[in-house]
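Student: Spelled out, the chains give:
Number of protein chains: 2
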Amino acid sequence: MNDRASLDGLVDGLKAIVGAHAVFTEPLDRAPYENDWRDQYHGRAAAVVKPGSTEEVARVVKLLAGRRIAIVPQGGNTSMCGGSVPDASGTQVVVNLSRMNRVRGVDAANNTMTVEAGCVLATLQETADKHDRLFPLSLGAEGSCEIGGNLSTNAGGTGVLRYGNSRELVMGLEVVLPDGTVWDGLRALRKDNTGYDLKHLFVGAEGTLGIITAAVLKLFPKPRSQATAIVAVADPHAALTLLAFLRDRVGERVTGFELISRVCLDLVFRHIPNTRDPFAKAHRWYVLVELSDSTAGSALANLFEQALGDAAEAGRIEDGAIAASVAQRLEFWKLRESISEAQKADGVSIKHDVSVPVSRVPELIDRAGAELARTFPDIRIVAFGHLGDGNIHYNCSKSERQEAKQFFAESGAVNHVVYEVVKSLGGSISAEHGLGVLKADEIVRYKSAVELEMMRAIKRTLDPHGLMNPGKVLRA
Amino acid sequence: MNDRASLDGLVDGLKAIVGAHAVFTEPLDRAPYENDWRDQYHGRAAAVVKPGSTEEVARVVKLLAGRRIAIVPQGGNTSMCGGSVPDASGTQVVVNLSRMNRVRGVDAANNTMTVEAGCVLATLQETADKHDRLFPLSLGAEGSCEIGGNLSTNAGGTGVLRYGNSRELVMGLEVVLPDGTVWDGLRALRKDNTGYDLKHLFVGAEGTLGIITAAVLKLFPKPRSQATAIVAVADPHAALTLLAFLRDRVGERVTGFELISRVCLDLVFRHIPNTRDPFAKAHRWYVLVELSDSTAGSALANLFEQALGDAAEAGRIEDGAIAASVAQRLEFWKLRESISEAQKADGVSIKHDVSVPVSRVPELIDRAGAELARTFPDIRIVAFGHLGDGNIHYNCSKSERQEAKQFFAESGAVNHVVYEVVKSLGGSISAEHGLGVLKADEIVRYKSAVELEMMRAIKRTLDPHGLMNPGKVLRA
Chain D
1 MNDRASLDGL VDGLKAIVGA HAVFTEPLDR APYENDWRDQ YHGRAAAVVK
51 PGSTEEVARV VKLLAGRRIA IVPQGGNTSM CGGSVPDASG TQVVVNLSRM
101 NRVRGVDAAN NTMTVEAGCV LATLQETADK HDRLFPLSLG AEGSCEIGGN
151 LSTNAGGTGV LRYGNSRELV MGLEVVLPDG TVWDGLRALR KDNTGYDLKH
201 LFVGAEGTLG IITAAVLKLF PKPRSQATAI VAVADPHAAL TLLAFLRDRV
251 GERVTGFELI SRVCLDLVFR HIPNTRDPFA KAHRWYVLVE LSDSTAGSAL
301 ANLFEQALGD AAEAGRIEDG AIAASVAQRL EFWKLRESIS EAQKADGVSI
351 KHDVSVPVSR VPELIDRAGA ELARTFPDIR IVAFGHLGDG NIHYNCSKSE
401 RQEAKQFFAE SGAVNHVVYE VVKSLGGSIS AEHGLGVLKA DEIVRYKSAV
451 ELEMMRAIKR TLDPHGLMNP GKVLRA
Chain U
477 MNDRASLDGL VDGLKAIVGA HAVFTEPLDR APYENDWRDQ YHGRAAAVVK
527 PGSTEEVARV VKLLAGRRIA IVPQGGNTSM CGGSVPDASG TQVVVNLSRM
577 NRVRGVDAAN NTMTVEAGCV LATLQETADK HDRLFPLSLG AEGSCEIGGN
627 LSTNAGGTGV LRYGNSRELV MGLEVVLPDG TVWDGLRALR KDNTGYDLKH
677 LFVGAEGTLG IITAAVLKLF PKPRSQATAI VAVADPHAAL TLLAFLRDRV
727 GERVTGFELI SRVCLDLVFR HIPNTRDPFA KAHRWYVLVE LSDSTAGSAL
777 ANLFEQALGD AAEAGRIEDG AIAASVAQRL EFWKLRESIS EAQKADGVSI
827 KHDVSVPVSR VPELIDRAGA ELARTFPDIR IVAFGHLGDG NIHYNCSKSE
877 RQEAKQFFAE SGAVNHVVYE VVKSLGGSIS AEHGLGVLKA DEIVRYKSAV
927 ELEMMRAIKR TLDPHGLMNP GKVLRA
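The listed protein sequences derive, respectively, from chains D and U.
Using my numbering, you'd call the opening residue of the first sequence number 1 and step up by one each time.
Using my numbering, you'd call the opening residue of the second sequence number 477 and step up by one each time.
Next up, chain D with everything else stripped away, as it sits in the complex:
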C-alpha cells in the first residue's frame, strides 16, 4: 500500500464503485475520519470511502478483501475508546456509512422500523415520535452518533433500566460480511426459533466481524406522563434500598435512577452557571429518580408523592424534592448531565465506565474508595451513574496541588486498583463504552482464557484474514 501505483489502482477501483465524490484521499479531506472526537487517537488511512447503498458496501468490501486491505467501519465516529478510527499505518481504509441514512420503512402495527446504518440517532427518535411511538435509545452523542455504531457498540445510555441496551432494541440486521457477502437478517419477528441467533454476534462486536448496514428496530408506546425527583440519601446502600422500595411500589414505572455523590454536585455548582442546590443543607449522596407511564394524567404524580412520603416517614430518605414543572425537571436533569463537563472544567481526570451487579454497587464504591485512598491519598473520587443498571462512572480527579502530568502517569495504577475491585465483585471493566483500542489489551487480564479463545475462534471463522477493524476488541 506504500506503493503509490498500487494505491492509485485501489482508489480507482473504489471510485468506480461509489463515485469519485465519495472517496477521500487528501489529508485534509481524510482528517475528520482519522481522528476521534476526544482528540485521543490520531490515525492515518489509505483512503476514506463512503458507500451509498448496501450493494456498494458489499462491492467495496469485496474489493478490499481481495487485496487483503484492512477495513475500519465507521458511523458518526463518536466512540469513547477509539473504536472507529484507523491506526497510524496509512494502510487501512475507512468505510464510513453516513451516506446510508434512509429509513426504509416504519411498521407501526408491528412496532418496528427498518433503518440504514448511517441514520443519526436523534433522527430516528424523531421518526418514531412522528408515528406516535418511542425509540428509547438515548445518549449524550445522539445528535451525531449513528445507529450502525450504536448497534456495533451495543450502546447503553439513559433508557437501559426500562428498555435495555441497544442489543435489546434490535430485531433483525443486514450485515456485509468480511468477504463482501451480504447477510439479509432483516427479520421483523418477535419470535423466530430456527437456529442460531446470528444477529447477537454482530451487535457489540465493534465492526470486527462485519459491517452492519441496516437494522429492524423495536418501537414502544410513548410515555405520556413523567415524574422526577431529587432525593437525598445517607449512602449508596440507602440508595439501593430506595430502588427496591420504589420498584415494589410502582414496578417498572421507575425509568431513571441515577446516583450522584456530593462531590459531583459541588463540582457542578462551582463550574456550571445557573445551577443551584435543591436543598437547604448539604447531603453526602443523592438520587435522581424518574418515573414514566404510558397513560396521561396525574395518577403517576400521586403515586410518586405517596411513595416518597412513605419513604421519608420510614426514614429511608433524608430529603426529597419532586419537580413541580417541566422547567424544574430539566433543572434536576441538568445537575446530573453537567457532571462530566464540570469535572472537565475542574482539571484532568481518570475515568472508569464499570458495572457490577446492582446489589454490589455500594461495595464497589466503598472498597474502591478505601483502596485508592491507601495508595493515592490525594485522589478525589467523582462517582455517579446508572445505579439501576449497576453501571457507575467511577471517575477520579486529581487534587489541586498535583500536576496533571504526574497524575496521568498514575492512571495505569489507578485503573488497576479499580478494575481489580470490579473483577472481585463479578463486574465488567467496560459497561457501556466498549473496548475499542483503549481496552483491547486490558481485557485480556479480565476475561477467562476459555472465553477469549471462543471469541478468537469466532473471529477466525468469520474473518479469517483479520481484515475487519484490526486492533479493536481483540489483539491478534
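Errors might be hidden in some of the hints.
[Unchecked claim] Computed list of lysine-lysine pairs in PhoX-like fashion (alpha-carbon distance at most 25 Å, straight line):
#1 Lys810(U) / Lys827(U)
#2 Lys222(D) / Lys698(U)
#3 Lys538(U) / Lys447(D)
#4 Lys899(U) / Lys827(U)
#5 Lys344(D) / Lys405(D)
#6 Lys810(U) / Lys820(U)
#7 Lys62(D) / Lys923(U)
#8 Lys351(D) / Lys334(D)
#9 Lys698(U) / Lys810(U)
No wet-lab data here; the hints were simulated from the structure.
Let chain D serve as the given structure and place chain U on it in line with the hints.
Tutor: Chain U only, in chain D's frame:
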C-alpha cells in the same frame, strides 16, 4: 459401540464419574429418556447418564468426546420437535441434566437468580415468588420442563408480549463446551460491553453447541392487579386494530392478546366439559385480552373498562365481557388453553407454529386459508395464538369424512402451502418450538444459503467433530 467390550468400558468410565446409580443401560431404565412425550420419536441410546454437577458434566463430555461418541443433552424431555431424544442407532449417549436442580442463589436487590439447568420451570416461578418477584416464563409444560431446555430452545409461552422470550430473560450462562471445557459466563450484569456476547449463541441452539449447565435469570416486579376480558371482533384485522388502540391507551399493561377463531371455540364447547359461550350470539373471531400492573387497586380495572367502552362506542369491537371475578378470569383462560386438547379430541391435525410481523397476521390467515381451500377443500382451519407476538398456531384438522391416514399423507403438501405463505410475508416456520429433528430438513428451504453457511461455520468451529446433538437443527 456395537462392540460389547467397548460399551462396557464406556459404561465403567461413566460410572466412575457420576456413580453407578446415575448411569442407565437397561432398556426399561433407558426408555423414558429415549422417547418423546408426544410418542413421535423413538430412539435407542448406548446409555443414559445423569451427572450431578457441572464438574461431572465436564468429565462426562470429555470422556465421550475423547471417544468421539455423540451426545444428546436432555432436560425435562418435553420438546415439541424431537429435539431431546437420541436417534435409533444405539450409539448416542443421553446426558440428562435433571439431577442438577439447585438454585445457587437469589439476589433480590439485583433482580436475578442463579440456577442450575435441571431446575423445573414451575419451581423457579415459585422461587421467584417467595422473594416477591416474578420470573415471567410460563408455558404449558412448566410442571416438567427444565430451565436448561427452556434456554436451549429459547422457549416462548404466554409472557412474551410483555417480557420477551427465554433469550431476553437470561443474563449469564455456564456451558460445558463440546470438548468438555467449562465456560463460566455466569455474569449478573445489566451492562457489559467487553466483546462478543457468546451466551446468545447457546440460547436457542438446542444443545448443538454445548450443554448449558447453569444460568443467571432476570426477575421482575410482581403484577399486583390484572384485568381480563373476552372481546368479539369482526376479523383478524379488527383484532390487530384493537391491539394498537389498547397499547395506545394503556401502553405496556397489555400482557396478553390471544386471537381465537369461532372454529376453535366450537371445538372447545363440543369436547371440553364446563365450558360455555360468554356471549349470547356467535361471532367469527375473538380476542382474550389481559392487562397487568405492578400496583394493586382498582385503577387498572377502571382503565380497562374505559378503554373497552370507548372501543365499543367507536365500533371497534362487536361485544366484550370483562371478567368480574378470579373464577371468571380462569373460565376465560380455560377457553384459550383447552383448544389443543379439544382439537386432539376431535381427531388428528396438522400443526404449524409460525410467526410473521404482527401487522401481517391478518394477511397470513386470509392467504393461507384461501390457498389451502383451493387444494384441500375439506380441510378445517383451527387458527389461534399470540397475536401480540405475531405467533399463530395455524393448525389444520381433517374433515369428518376424511380418513386419518389419508389426511396425514397430505401433511407435507399442507405444510408447503402454509410455509410458502409464511415465507412470502417475511415469517418464520418455527416461532417458538424450535427445529429439533422435525424441521431440520425443512429449514434448509426457508433460510438463505448465506445464513445456513454461517450457522454451519459456527457449528464446525465450536463442535468440530459434530458430537453435540447431531441431526438436530442442522443436518451434517
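Student: Does each hint hold? Answer for all of them.
Tutor: Checked hints:
no., hint, in the structure
1, Lys810(U) / Lys827(U), "holds, 20 Å"
2, Lys222(D) / Lys698(U), "holds, 23 Å"
3, Lys538(U) / Lys447(D), "holds, 23 Å"
4, Lys899(U) / Lys827(U), "holds, 17 Å"
5, Lys344(D) / Lys405(D), "holds, 15 Å"
6, Lys810(U) / Lys820(U), "holds, 16 Å"
7, Lys62(D) / Lys923(U), "holds, 23 Å"
8, Lys351(D) / Lys334(D), "holds, 20 Å"
9, Lys698(U) / Lys810(U), "holds, 23 Å"
Every hint from the earlier list agrees with this structure, and none is contradicted.
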